[in-house]
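Chemist: Okay, here's what each chain looks like letter by letter:
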Amino acid sequence: MRAARGPKRPDYMGNPDLDRFMMMFTALMSDVSALRDRLDTHEQLAIEGKVATPDAIEAFEASPEDVARRSALRDAFLKRIFRVVFEDLERAERGPDGSVSGSDDAEARNA
Amino acid sequence: MTQTRHAVLPDQTHDEAAREAFVGNMRKLFTEQLWPGTRDVYETQARPAFERKTGHAPANIREVRESLEPSFFYRTANLIGRSAQEMLWDTVGESIERQLDDLNAKAANVPAPQGTMRVNPDLEAPRYMDMVDIHVMPGNFHTELGEGDVFAAALYDRGVHHFAYGGMGPENEFLGIAMSGWLKANYPDFAPKRILDMGSGPGFSTLPWKRLYPDAEVFGIDVSAPMVRYAHARAESLGVAVHYSQQDAAHTDFEDGSFDLVTSCLLTHENPVPQIRRMFAESNRLLRSGGMMFIDGAHPPARDHEDEFFTTWFNYNANEPFATGLRKLDLKEAFATAGFPTDAYFTSGAREAVYLKGMAGKAKRSSASAGYRGTIKP
Chain A
1 MRAARGPKRP DYMGNPDLDR FMMMFTALMS DVSALRDRLD THEQLAIEGK
51 VATPDAIEAF EASPEDVARR SALRDAFLKR IFRVVFEDLE RAERGPDGSV
101 SGSDDAEARN A
Chain B
1001 MTQTRHAVLP DQTHDEAARE AFVGNMRKLF TEQLWPGTRD VYETQARPAF
1051 ERKTGHAPAN IREVRESLEP SFFYRTANLI GRSAQEMLWD TVGESIERQL
1101 DDLNAKAANV PAPQGTMRVN PDLEAPRYMD MVDIHVMPGN FHTELGEGDV
1151 FAAALYDRGV HHFAYGGMGP ENEFLGIAMS GWLKANYPDF APKRILDMGS
1201 GPGFSTLPWK RLYPDAEVFG IDVSAPMVRY AHARAESLGV AVHYSQQDAA
1251 HTDFEDGSFD LVTSCLLTHE NPVPQIRRMF AESNRLLRSG GMMFIDGAHP
1301 PARDHEDEFF TTWFNYNANE PFATGLRKLD LKEAFATAGF PTDAYFTSGA
1351 REAVYLKGMA GKAKRSSASA GYRGTIKP
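Those sequence lines, one after another, are chains A and B. In this text, residue positions in the first sequence follow this note's numbering: the first is 1, and each later residue adds one. In this text, residue positions in the second sequence follow this note's numbering: the first is 1001, and each later residue adds one.
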């Protein structure tokens, strides 16, 4: 069961197809991130002199240090992918002299 | 923070755990940076631009939204938040579907239980529960996928953990611990012998009550059979004796005056006001003289339309249609209407939220809870 009942998905980008592409994009990010974790497990097993068989990967218990390192990697990954989003926020935080990014295309779209 | 293992907590493969952790990081990004950032964008860009264009500041919640809509940051931040919300259930759901038969079997075969469990196949879920899946969680809290099903509860147990990226505690119990702890600290002579936790779900709040008052008989009710089955297996596995039953909190089968404390945590804000009023009236019926009704609070009332806009993200983006109703409800009046004396009303006063601290950004007041509310039957 994967579809929720209730009000339809809100309109975010002015085009529901674009919204759905973002959902696919973030799902792909999730899988890339999971591959990075799996690579990290390979590396940790190698440090212990072990071979990264599927069973060894499933049996690997991440230490608190492993968990923290991976979380930091994910945070950095998210920041890189969404750089253009944070660009706007950086300008907002810089104050009224920063240019109003994003408004040009949006105003054209709303016209 | 990892979750405390118990008999019905879903397993994770290496990659399931990795994908679930990623959703947690995405939820954190949204909660602590993106959504608070919309307020900065509003104040420094959107509102001034709106004022230049119209000659006045946004005068209502619709105009606040209208002023922000041209912002790429605003639209994308919201979409990332919504994506994380949908991906959360999808990621955890895939993992649970794989092992559902096993989880159902474990819930059906609890060894040497100290507590009890009963479901009621004749109980129909209230209509409003079938109209909207709260939190966009597919199937809501109560849908049954088959006989002896626990899907919704397993999904919620794992899902809430990642939703709050661990901030709710290893047993998602921090809200329950804080709430029960406040009552015990402020009413040290109150020693309830029978406690009812309404809308007990997987038991996040029920277990803290039993642990704090170990001599009390503790009951949990939920309208969802999957929740009741799961909560029973979970509580037994964690060594806590609770009596769970599938019931609508508006009409239970317990006797008049049979409880010392009737409580709920994170229940009222997911229910329409008429149902909330019925629950209060039923609580009044169930309490003995001197018994206490005690609930968690909503958000404090919004200061103005801007504050309202920035504290209602979940209402409009994650299917929480009833939360506004509770926020606007005068609980003092509602308690009185349910039969409690006006002068028995008490509140903890506004409290800092236990989790999702970043949600309101720099406007810290908005991350507060309005505080616990209670009353005593004469």
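Bear in mind the hints are in silico, worked out from the structure with no lab data behind them. Nothing here was measured: the structure is a model prediction, and the numbers come from that model. Fair warning: there could be bad hints in the mix.
As the list claims (entries may be wrong) - Listed below are several chain A residues computed to face chain B (Cβ distance under 7 Å; list not exhaustive):
hint, residue
1, A3
2, A4
3, R5
4, M24
5, T26
6, S33
7, D37
8, T53
9, I57
10, L73
11, L89
12, E90
13, E93
Claimed, not checked - Using 20 Å as the maximum straight-line C-alpha spacing, the simulated SDA-like pairs for lysine to any residue come out as follows:
hint, chain 1, residue 1, chain 2, residue 2
14, A, K8, B, D1090
15, A, K79, B, D1040
16, B, K1193, B, F1254
17, A, K8, B, R1194
18, B, K1193, B, P1214
19, A, K8, B, R1127
20, A, K8, B, E1320
21, A, K8, B, P1138
22, A, K50, B, P1138
23, B, K1332, B, T1347
24, A, K8, B, N1315
25, B, K1184, B, G1166
26, B, K1332, B, Y1316
27, A, K8, B, Y1128
28, A, K8, B, F1254
29, B, K1053, B, Q1033
30, A, K8, B, D1102
31, A, K8, B, K1328
32, A, K79, B, L1331
33, A, K8, B, M1131
34, A, K8, B, N1317
35, A, K8, B, K1053
36, B, K1332, B, R1373
37, A, K8, B, Y1316
38, A, K79, B, E1320
39, A, K79, B, Q1033
40, A, K8, B, D1130
Idealized CB from N, CA, C, for every residue including glycine.
Chemist: Please name the hints from earlier in the document that this structure breaks, with their numbers sorted from lowest to highest.
Modeler: 4, 8, 10, 12, 17, 22, 25, 26, 28, 29, 30, 31, 32, 35, 38
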